[in-house]
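Trainee: From just these sequences and the hints, can you work out the full model?
Just so you know, the sequences run in chain order A and B.
Position 19 of the first sequence, counting from 1, maps to 19 under my numbering, and the rest follow consecutively.
Position 18 of the second sequence, counting from 1, maps to 18 under my numbering, and the rest follow consecutively.
What the hints contain is simulated information worked out from the structure, not anything from laboratory work.
Be careful, since some hints might not be right.
What the hints assert, rightly or not - Pair by pair, the computed Cβ-Cβ distance ranges are: (1) B:W69 with A:K88: 18 to 24 Å; (2) B:G72 with A:T131: 27 to 33 Å; (3) B:V13 with A:V32: 26 to 32 Å; (4) A:E14 with B:A18: 33 to 39 Å; (5) B:G66 with A:D116: 39 to 45 Å.
On a predicted model such as this, the values are computed, not experimentally measured, just so you know.
Cβ atoms here follow ideal geometry from the backbone N, Cα and C, with glycine treated the same way.
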Amino acid sequence: MQENTAAPRRGALEELPGDLMMWVLIISELLVFGAGLAAFLGVRITDPDGFAEARTHLHPALAGVNTIVLITSGFLAALAAEAAMIGKSARLRWLLTGASLLGVVFLLIKGYEFADVAGQGISTETHPFFTFYYLLTGFHALHVVAGIIILALVGWKCSERNVEVGTAFWHMVDLVWVLLFPVIYLLA
Amino acid sequence: MRNPIFRAWVLLVLLSAASVLGALAVGAGVNEHLVGSLVLLLAWLKARVILSRYLQLWRAPVWKAGFNWVLGIFCLVLLGLYLAPAISS
Numbered sequence: 001m002q003e004n005t006a007a008p009r010r011g012a013l014e015e016l017p018g019d020l021m022m023w024v025l026i027i028s029e030l031l032v033f034g035a036g037l038a039a040f041l042g043v044r045i046t047d048p049d050g051f052a053e054a055r056t057h058l059h060p061a062l063a064g065v066n067t068i069v070l071i072t073s074g075f076l077a078a079l080a081a082e083a084a085m086i087g088k089s090a091r092l093r094w095l096l097t098g099a100s101l102l103g104v105v106f107l108l109i110k111g112y113e114f115a116d117v118a119g120q121g122i123s124t125e126t127h128p129f130f131t132f133y134y135l136l137t138g139f140h141a142l143h144v145v146a147g148i149i150i151l152a153l154v155g156w157k158c159s160e161r162n163v164e165v166g167t168a169f170w171h172m173v174d175l176v177w178v179l180l181f182p183v184i185y186l187l188a
Numbered sequence: 001m002r003n004p005i006f007r008a009w010v011l012l013v014l015l016s017a018a019s020v021l022g023a024l025a026v027g028a029g030v031n032e033h034l035v036g037s038l039v040l041l042l043a044w045l046k047a048r049v050i051l052s053r054y055l056q057l058w059r060a061p062v063w064k065a066g067f068n069w070v071l072g073i074f075c076l077v078l079l080g081l082y083l084a085p086a087i088s089s
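Mentor: Structure, rendered in C-alpha cells:
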C-alpha cells in the first residue's frame with residue numbers, strides 16, 4: 001500500500017490572509033459604501049448640471065492631499081504588520097503611531113473642509129449632492145476615528161494576530177477612500 | 001525599491017496624482033467623459049493595489065482575482081451611471 005504523503009489541501013476560506021471576520025467586515029463595508037456611491041451617481045442622472053455646480057464648492061486639491069496622507073498611513077500600517085510577523089514590537093509601535101498620526105492629519109483636513117463648506121451656508125438639505133457628500137464622507141471619517149482607536153489598541157496589545165486584524169481594518173478605510181474620492185470630488 | 005509594500009505605496013501615489021491631474025485636464029479642454037472614465041479606471045487600479053499588497057491578497061490568488069473582478073464590474077456600473085446623462089441627452 002502506498003502511503004499518502006501529500007499535504008492536506010487548504011480550504012478556500014483558509015487561504016484568506018488574516019481573520020475571516022475581518023474580511024466579512026471589509027466586504028460589508030464595501031457593499032454599504034458601494035451602494036452609497038451607486039445611489040449618488042444614480043441621483044446625479046436627474047440633475048447632472050446641479051451636481052456639477054455643487055462640486056465646485058468642494059476642494060479637490062485638499063481631498064487629493066488627504067488621499068496621499070491616507071495611503072501613506074496605510075503604507076506605515078502595512079510595514080507594521082510586516083514588523084509584527086518578525087517580532088519587532090518596538091518598530092511596529094513606532095509605525096502604528098505614525099499611521100495613527102497621519103489618520104489625525106486626515107481628520108484635521110477633513111474637519112477644515114467640512115467647516116469651509118458649512119461656512120458657505122451649505123447643509124445636507126441644500127442639494128442632494130451635499131446630502132450624499134456629508135453622509136458618505138462623514139461616515140468614512142467616523143471609520144477613520146474608529147481605525148485610529150483600533151491602531152492604538154493593537155499597538156498596546158501587539159500580538160501578530162491583533163496587528164494583522166487591526167491594520168486590515170485600516171486598509172479597508174483606505175480602500176473605501178480611493179473609491180469615494182474620485183466619484184465625489186473628481187467626476188465632473 | 002525592493003520592498004513590495006514600498007513599491008505599492010509609490011504606485012498608489014502616482015495613480016492618485018494621475019487622477020487629480022486628469023481631473024484638472026478637464027479645465028484645459030479635454031473631454032470630461034474621457035477623463036471621468038480614466039479616473040474610474042485609476043480608482044480600480046488603486047483598489048487592486050491596496051487589496052493585493054496592503055491587504056496581502058497576493059497570498060490568495062483566487063480571492064484576489066475574485067475581488068478584482070467584482071470591483072472591476074462595480075467600477076463599470078459606476079461608469080455606466082456616470083455616462084448615462086450624456087448618453088440619454
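Trainee: With respect to the beta-carbon atoms only, verify the hint that B:G72 and A:T131 lie 27 to 33 Å apart.
Mentor: Since the Cβ atoms of B:G72 and A:T131 sit about 28 Å apart, the hinted range of 27 to 33 Å holds.
Trainee: State, for the Cβ atoms of B:V13 and A:V32, whether the hinted interval 26 to 32 Å holds or is violated.
Mentor: 27 Å, holds
Trainee: Assuming the hint says 18 to 24 Å, is it satisfied by the Cβ distance from B:W69 to A:K88 or not?
Mentor: 36 Å, violated
Trainee: Given a hinted range of 39 to 45 Å, is it respected by the beta-carbon distance of B:G66 and A:D116?
Mentor: Since the Cβ atoms of B:G66 and A:D116 sit about 40 Å apart, the hinted range of 39 to 45 Å holds.
Trainee: Looking only at beta-carbon atoms, does the pair A:E14, B:A18 fall within the given range of 33 to 39 Å?
Mentor: Cβ of A:E14 to Cβ of B:A18: about 37 Å, so the range 33 to 39 Å holds.
In this structure, the one hint that does not hold is number 1.
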